[in-house]
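A.B. asks: Single-letter residue listing:
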Amino acid sequence: MTTSLLEVRDLCVTFDTSRGPVRAVRAVAFSLAPAEVMGLVGESGSGKSVSCRALMRLLPPRGVRMSGVALFQGRDILALPEEELRDLRGTELAMIFQNPSSHLNPVMPVGDQIAEPVLVHEGASRRQARARAAELLRQVGIPDPDSQLDRYPHQFSGGMRQRVMIAAALACRPKLLIADEPTTALDVTVQAQILRLLLELRDRSGLAIVLISHNLGVIAQTCDSVSVMYGGRVVERGSKRDVLSRPHHPYTEALIRSQPESAPLGAPLPTIEGQPPAPSELPTGCAFHPRCPYAQPVCVEEAPPLEETQDGRRSACWRWPELAARSGVTP
Amino acid sequence: MILAGLSLQACRRSRIPSALWAGAGLTLFWLLLAVGAPVIAPYDPIAQDLTRTLTGPSLAHPLGTDNFGRDVLSRIIWGTRLDLAMGIIGVAVPFAIGCCIGLIAGYLGGLAEMLLMRILDVTISFPFFVLVIAIISLLGPGLTSFFIAVSLVGWVSYARLVRSQILVLKHMDFVQAARALGYGRLRIMMRHLLPNAVVPAIVFSMSDIVLVILLGSSLSYLGLGAQPPAAEWGVMIAEGQTFMASAWWISFFPGLAIVGLAFGFSLLGDGLAELFGSRE
Chain A
110 MTTSLLEVRD LCVTFDTSRG PVRAVRAVAF SLAPAEVMGL VGESGSGKSV
160 SCRALMRLLP PRGVRMSGVA LFQGRDILAL PEEELRDLRG TELAMIFQNP
210 SSHLNPVMPV GDQIAEPVLV HEGASRRQAR ARAAELLRQV GIPDPDSQLD
260 RYPHQFSGGM RQRVMIAAAL ACRPKLLIAD EPTTALDVTV QAQILRLLLE
310 LRDRSGLAIV LISHNLGVIA QTCDSVSVMY GGRVVERGSK RDVLSRPHHP
360 YTEALIRSQP ESAPLGAPLP TIEGQPPAPS ELPTGCAFHP RCPYAQPVCV
410 EEAPPLEETQ DGRRSACWRW PELAARSGVT P
Chain B
3 MILAGLSLQA CRRSRIPSAL WAGAGLTLFW LLLAVGAPVI APYDPIAQDL
53 TRTLTGPSLA HPLGTDNFGR DVLSRIIWGT RLDLAMGIIG VAVPFAIGCC
103 IGLIAGYLGG LAEMLLMRIL DVTISFPFFV LVIAIISLLG PGLTSFFIAV
153 SLVGWVSYAR LVRSQILVLK HMDFVQAARA LGYGRLRIMM RHLLPNAVVP
203 AIVFSMSDIV LVILLGSSLS YLGLGAQPPA AEWGVMIAEG QTFMASAWWI
253 SFFPGLAIVG LAFGFSLLGD GLAELFGSRE
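Each protein sequence line maps, in turn, to chains A and B. Going by my numbering, the first sequence opens with residue 110, and the numbers climb by one from there. Going by my numbering, the second sequence opens with residue 3, and the numbers climb by one from there.
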């Protein structure tokens with residue numbers, strides 16, 4: 110734990126709305142070692158993206174309350190003044206987004222967009238920055254980079270745009286990359302290429318990655334560790350192998366069981382009954398209890414803490430020992 | 003940057019509208035006339051020749067002479083310089099001011115926006131001509147006063163146009179991405195927002211040039227703008243008015259020139275609007 114690159118403790122995000130405060134993220138905690146790839150899984154509205162935007166301090170200043178600690182190399186991101194934050198973003202801490210088409214400036218050549226962080230943060234000359242941009246394009250696997258520099262985003266395909274966005278994010282060699290569903294908007298073959306690229310970059314430069322996804326397949330392919338979010342909380346956390354093969358939380362178990370791959374051919378796909386809760390109307394006690402096959406009276410009364418179960422894993426469920434006692438997921 | 007954006011928009015539409023061609027051609031004609039005035043004009047625009055006053059169009063003076071024997075054609079050619087300058091400076095300065103104000107108000111919001119928008123409301127609440135004439139009469143007639151007055155009043159349209167664009171643009175994803183890369187506010191405003199917001203303002207500026215040229219020559223006609231003996235079209239029309247019945251050419255041809263110049267910019271504006279119009 111002492112060597113962690115990022116340590117998040119007790120992160121809470123509350124939106125002030127006209128119908129009262131909405132607690133979108135509640136006491137999220139995780140830590141990340143250098144060169145670790147952590148998956149953040151959960152349904153829509155579980156607070157994955159909001160947590161990460163809070164870490165980048167990208168949420169609007171008005172109407173949002175944040176609390177908690179996010180130590181990045183010993184400095185608390187959440188408490189940094191705006192100016193120091195700006196120096197951190199793009200140089201040490203970078204983010205890529207789900208929809209590369211709308212996250213690139215439509216009227217700026219891609220070469221300029223990749224060179225810009227180098228110009229801004231490293232005070233490089235135009236020519237150096239341009240050379241660096243070409244080098245970065247080559248690194249992210251765009252063929253013939255020199256002739257691509259002056260083209261505009263609309264002249265690229267979706268996968269290529271995502272590569273451009275990755276190149277811009279990595280231009281100043283950050284130590285942590287937050288990837289918010291980077292492959293969701295892409296088709297499956299391109300998806301695999303982008304994930305492979307991210308892992309390559311990790312291996313080459315020791316980049317740590319927080320990979321947000323709702324796709325367990327993506328997580329299984331790429332991550333070292335997994336945090337599962339539900340209703341604004343982390344409900345289970347541990348190494349990928351442990352969490353995906355022997356889940357200690359009923360929600361994780363249900364997620365795994367509803368993967369298309371785990372259903373027998375021809376049978377209807379298993380689903381999780383009910384709807385994920387809206388952050389404004391969270392159930393009492395454990396947020397998952399209305400949909401949980403193991404729910405007991407205590408689950409309605411009181412939310413279980415995220416406590417250590419076995420081998421450094423954590424789970425927020427009153428009945429985790431029963432789940433752990435079973436050898437694996439029984440479909 | 004802005005030009006790059008424009009050419010990019012142009013690339014998407016392969017066919018250039020014919021209004022743009024015609025407008026650009028006509029505007030180019032006036033520009034060449036203004037630049038080449040010393041070479042093209044057959045006579046000195048203010049040289050008087052009292053032996054040849056009020057002569058009608060002839061081979062020596064294709065558009066006739068006025069009451070001081072000055073060649074009308076030469077005066078019109080030289081006048082192109084003044085009237086074009088009035089139009090271009092009278093639009094460029096308000097354009098720059100308006101873009102900055104719209105950008106700041108739209109992006110920063112809060113107190114800055116409230117203050118700037120209230121100033122804008124007050125400016126807009128006066129009729130345009132009345133306010134310009136009031137400011138000129140306060141500063142004393144002349145071209146400098148004209149430019150100051152137009153700048154003080156004309157920025158409002160640009161500020162509103164740019165602000166409305168920025169209000170939409172600032173929530174777009176690429177602005178968030180720019181923030182995530184650690185760029186400061188100024189850089190985001192100038193490099194990322196402005197080039198995306200400026201196209202409607204450019205289209206509007208083309209029709210605004212027409213209005214400002216008409217305003218300039220009307221004010222000169224009223225004696226508030228360019229002063230005699232300057233070769234300015236409005237001044238020429240005013241001077242020829244007395245001789246309307248006997249020497250119609252003194253006022254008629256400068257009037258035609260104003261129409262021709264206005265027509266060129268109108269076509270240019272229409273063409274640009276058509277080129278970028280169906281963007282969204």
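Simulated from the structure, these hints should not be mistaken for lab results. Among the clues, some could well be false.
Said to hold, decoys possible - No farther apart than 20 Å at their CA atoms in a straight line, the calculated lysine to any residue pairs in the SDA-like style are these:
id: 1; chain 1: A; residue 1: K284; chain 2: A; residue 2: G315
id: 2; chain 1: A; residue 1: K284; chain 2: A; residue 2: P169
id: 3; chain 1: B; residue 1: K172; chain 2: A; residue 2: D420
id: 4; chain 1: B; residue 1: K172; chain 2: A; residue 2: V173
id: 5; chain 1: B; residue 1: K172; chain 2: A; residue 2: G315
id: 6; chain 1: A; residue 1: K284; chain 2: A; residue 2: L258
id: 7; chain 1: B; residue 1: K172; chain 2: A; residue 2: P143
id: 8; chain 1: B; residue 1: K172; chain 2: A; residue 2: K284
id: 9; chain 1: A; residue 1: K349; chain 2: A; residue 2: T393
id: 10; chain 1: B; residue 1: K172; chain 2: B; residue 2: R162
id: 11; chain 1: B; residue 1: K172; chain 2: A; residue 2: N208
id: 12; chain 1: B; residue 1: K172; chain 2: A; residue 2: K349
Source: prediction; values computed, not measured.
A.B. asks: Now look at each hint and say whether the structure bears it out.
C.D. replies: Comparing the hints with the structure gives:
1. A:K284 with A:G315: holds, 7 Å
2. A:K284 with A:P169: violated, 25 Å
3. B:K172 with A:D420: violated, 47 Å
4. B:K172 with A:V173: Roughly 18 Å separates the two Cα atoms, so the pair holds.
5. B:K172 with A:G315: Not OK: K172 (chain B) and G315 (chain A) at ~34 Å, beyond 20 Å, violated.
6. A:K284 with A:L258: Distance ~25 Å between K284 (chain A) and L258 (chain A) Cα, so the pair is violated.
7. B:K172 with A:P143: violated, 34 Å
8. B:K172 with A:K284: Cα-Cα ~28 Å, so violated.
9. A:K349 with A:T393: Measuring from Cα to Cα gives roughly 29 Å; hence the hint is violated.
10. B:K172 with B:R162: Between K172 (chain B) and R162 (chain B) the Cα gap is close to 15 Å, so the pair holds against 20 Å.
11. B:K172 with A:N208: Holds, because 17 Å separates the two Cα atoms, which is no more than 20 Å.
12. B:K172 with A:K349: violated, 38 Å
The structure fails hints 2, 3, 5, 6, 7, 8, 9, 12 (numbered hints given earlier, in ascending order).
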